[in-house]
Amino acid sequence: MTVHVRTLDELLHAPLEADSELTTQEYLVNMGPQHPIAHGSLRVVVRLDGETVKEVIPVPGYVHRGVEKMCEHLNYRQVIPYTDRLDYLSAIMNNWAVAKTVETAAGIETSDRIEVIRTIMAELQRLQSHALWWGVTGMDLGAYTAFLYGFREREIIGEIFEETIGARLTMNYIQPGGLMYDIKPDFAAKVKKLLPYLQDCVEQYETLLSGNVIFQERLRNVGIVDGARAVALGCTGPVVRASGVPLDLRATEPYGAYGKVQFNVVVGSIGDCWDRYYVRLEEMRESIRIIQQLIDGIPEGPYSTIRYNVELTLPEGIHYGQVETARGAFGVLIASDGKQEIPYRLHFRSPNFNNLWVVTAISPGWRIADFISIQSSLDLVIPDIDR
Amino acid sequence: MDPESLLALVETAHPTLRRRPLTDRPAVSVAPGELLAVMTTLRDHADLRFDLLITHTAIDYPGENRFELIYLLYSTVHGHWLIVAADVDRTRPVAPSVCGLWPIAEWQEREAYDLMGVLYDNHPDLRRVFLEDDWVGFPLRKDYQDEYMLELPK
Amino acid sequence: MQFVHTIAAAAATNSTWAPQTLAQRAADSAPHSLWLTAGYFLLAVVGVAALLSFLGMALIYIERKIAAHFQCRLGPTRVGPFGLFQTLADTLKLVFKEDFVPPKADRSLHMLAPFLALLVPVVLLALIPYSPNVQVADLNIGILFITAIGGFGVMGILIAGWSSNNKWSMIGAMRAGAQIISYELSATLALLVVVLFSGTMSLTGIVLSQQDGWWIWRGHAAGFVAFLIYVVASTAELNRTPFDIPEGESELTAGFHTEYSGLRFAFFFLAEFINMFTVSALTATLFLGGWMPFHVGDWAGFNAAMDTIPPGIWFLTKTSMVIFVIMWFRWTFPRLRVDQLMHLEWKVLLPLGFANLFVAAVVVLTELYPYPLAK
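Protein chains in written order, with our numbering: chain A, 306 to 692; chain B, 4 to 157; chain C, 6 to 380.
The following block holds chain A by itself, in its conformation from the complex (with noise of 0.2 Å):
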């Protein structure tokens, strides 16, 4: 028995065919690692007739830092920063990803203002990273304007991040235990002031694209993937739900204070563009919801259950623990042998890795322009497909 092995260059120097009916000439495009949809370094050699994509193929690598690796030398607290740098949008998520593992694993209990605190702040990076995501969309599909709408508000949040965590982007806050620092006496007071305008911002957003006649026909049956479809490709978060499938890790098996709220799973209904699009919209809403519920009645109590010198060393076996970031499942398998401090092998299971591949099997028969709606519509995050 042997076992093939390709090279990309054995796909791309692929004799191409010519369409049969026409008898056009097909041709190799480069969309990226150097192109504005990339939004970082992700490469899409697309294979088109004319306007019409026949074949994408993702080559990703371009920002791979061996992740993995790098975290069998570290114990489970320097993990945490390597989180953050993964999907960089959803950092606050991440970190806590790696704090319910361990924390499950080793049986460190936390107590209710931690959780309340860590819900807070991650529904917060939902919205900031959404609203940034919404940006981008409107910016991908020509209207350059959004995106300095989307930044704004990513702005506003991103001061309440700063002000209890001293970041912007990479947060470095949830720690295996507790949080990295406690919140400051008015954040309650400061996140309140935020959340009507947020609300606003989201109405705003209705009005500046949602009921742009170009904006509905760019995203409307455009990029369409059915629920079973979207769930064995391997999709989680937004998109797959934009399908019809109620996949939400915040419901489904909820952590942190998302047992105490209520809140709504949204699901689209035919899973093309606009649906993935209107999803995220109304998380926002989901999001500022959650927040109402949780902002007064946060606990006293301390920010940390464990002490941040101690030992930290898991149990012999595999441990997995997931979170729902803003773009999918999030996972983190961790292989201990059980006398080291550090992980005998990490995994993590990105959902923009798991996200991107549906883009090979929609993409076929639509325009260019449409290809641009699909990858904006999956909201990719490139460092976090490379890990």
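For the record, the hints were derived by calculation from the structure and aren't laboratory data. A hint or two may mislead.
List time: in silico DMTMM-like cross-link candidates among lysine to aspartate or glutamate, alpha-carbon distance up to 25 Å [as the list claims (entries may be wrong)]:
id: 1; chain 1: A; residue 1: K565; chain 2: B; residue 2: D5
id: 2; chain 1: A; residue 1: K498; chain 2: A; residue 2: E467
id: 3; chain 1: C; residue 1: K172; chain 2: A; residue 2: E360
id: 4; chain 1: C; residue 1: K172; chain 2: A; residue 2: D354
id: 5; chain 1: A; residue 1: K405; chain 2: B; residue 2: D5
id: 6; chain 1: A; residue 1: K644; chain 2: B; residue 2: D90
id: 7; chain 1: A; residue 1: K374; chain 2: B; residue 2: D136
id: 8; chain 1: A; residue 1: K497; chain 2: A; residue 2: E467
id: 9; chain 1: A; residue 1: K374; chain 2: A; residue 2: E646
Once you've looked at the hints, dock chains B and C against the given chain A.
Okay, now just chains B and C, sitting in the frame of chain A:
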């Protein structure tokens, strides 16, 4: 379904399975030869319906001369979890591909090939995913060495 | 046809205005002094060149300011008072940038294309009546000439895209070709409506024919519909959002000018802005009365008050309003897809344009003007 009855159900379908201890979710261990048959049952059995392959990765045990392939399955229908582990020989790491069951496996297996060097039989497009095609070695293996590597902590 | 002839004749005879173009002055002075003739020619050339550079500077600054305020920003504020010299600084930067020609490009065509792209709007600048006495030349076939020359503008883009030897440039150029040629049909149909109404193709003649009301409201619905079609079609000809698919930043990196840098890139940029000005000026001239002041029926006092504002100001005001609308489009709308763009032209605008032309013909033949032409 609670983990115990889930495992019992899987075991009745495939009596050769062993439970894999030391995991935080229900887990079974299969021989690579049986992997496809087991996976097909797991996906198609009405009470199992594992339709989402959450992640797939490999763990390197050079001391025991094996790779452990980990498949983490989730059922969006029933909401239950299962870890499927398969040991392959480290000197000849060939495993059947499960692309036919879950399309996402195509890329997850490519990642495992790229970083760990596990070969997948019947994979439609097995090639490197992150690294260059001319990269020598498989970086996530425990014995991987190149001149730019960090020192292992003492 | 008799009627059409009378409109033009009436407009010429009843006019309180006596427009004179530079070309006319030069021709008139030729028998007396050749130096004066040469002076007029020089004035025309210098005037157009000065206008070109001024418009380039001013429009880029205005666009940036408008965009900034649409986007909750301030725009340029640092260079000079209110950032007025920002464009100058940017131009200086572009002048000093490397003029890069890709190794496998068609060198001569690659270098020629930006000039071809700029040529068309510059020629058109000479035809626009800015004020009764400020116009370089008034051709009796003005509209025909504008349509013919305007169609040539796509050549620069096509050559740029082809000669760059880059797939993105090529796609952009092909898109531009398809788009500009398609939308020219609608724009021309809209122009024909005005030609029908005024009975002349000369731009000054068209302005004079609007003494008793601008064509946008005098031609019943036909004038207004023609105005809308013309604005949409000419925005498409300008390759500006929502019709910027030839550049389509997020799709084609920069479309046809992907491989251009430095001054040659600046020429494309300039061409776009000058084009925007000429299109707006033509819209103002054809539909909004050009330099003609705003008059309402028999309100003699109001009309007299309006007449005190110089015609040049009227022209500038109307043109700036159209420019603002086009900029407003750009900073509000997303981009259309290529097939939606074609759908809009061939299935919506073109049939509408033909129907509108028919309605206009009926209006003209049945003499259904709301205002009496000659008092």
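Each hint tested on the structure:
no.: 1; hint: A:K565 with B:D5; result: holds, 23 Å
no.: 2; hint: A:K498 with A:E467; result: holds, 17 Å
no.: 3; hint: C:K172 with A:E360; result: holds, 17 Å
no.: 4; hint: C:K172 with A:D354; result: holds, 12 Å
no.: 5; hint: A:K405 with B:D5; result: holds, 22 Å
no.: 6; hint: A:K644 with B:D90; result: holds, 22 Å
no.: 7; hint: A:K374 with B:D136; result: holds, 19 Å
no.: 8; hint: A:K497 with A:E467; result: holds, 17 Å
no.: 9; hint: A:K374 with A:E646; result: holds, 15 Å
Every hint from the earlier list agrees with this structure, and none is contradicted.
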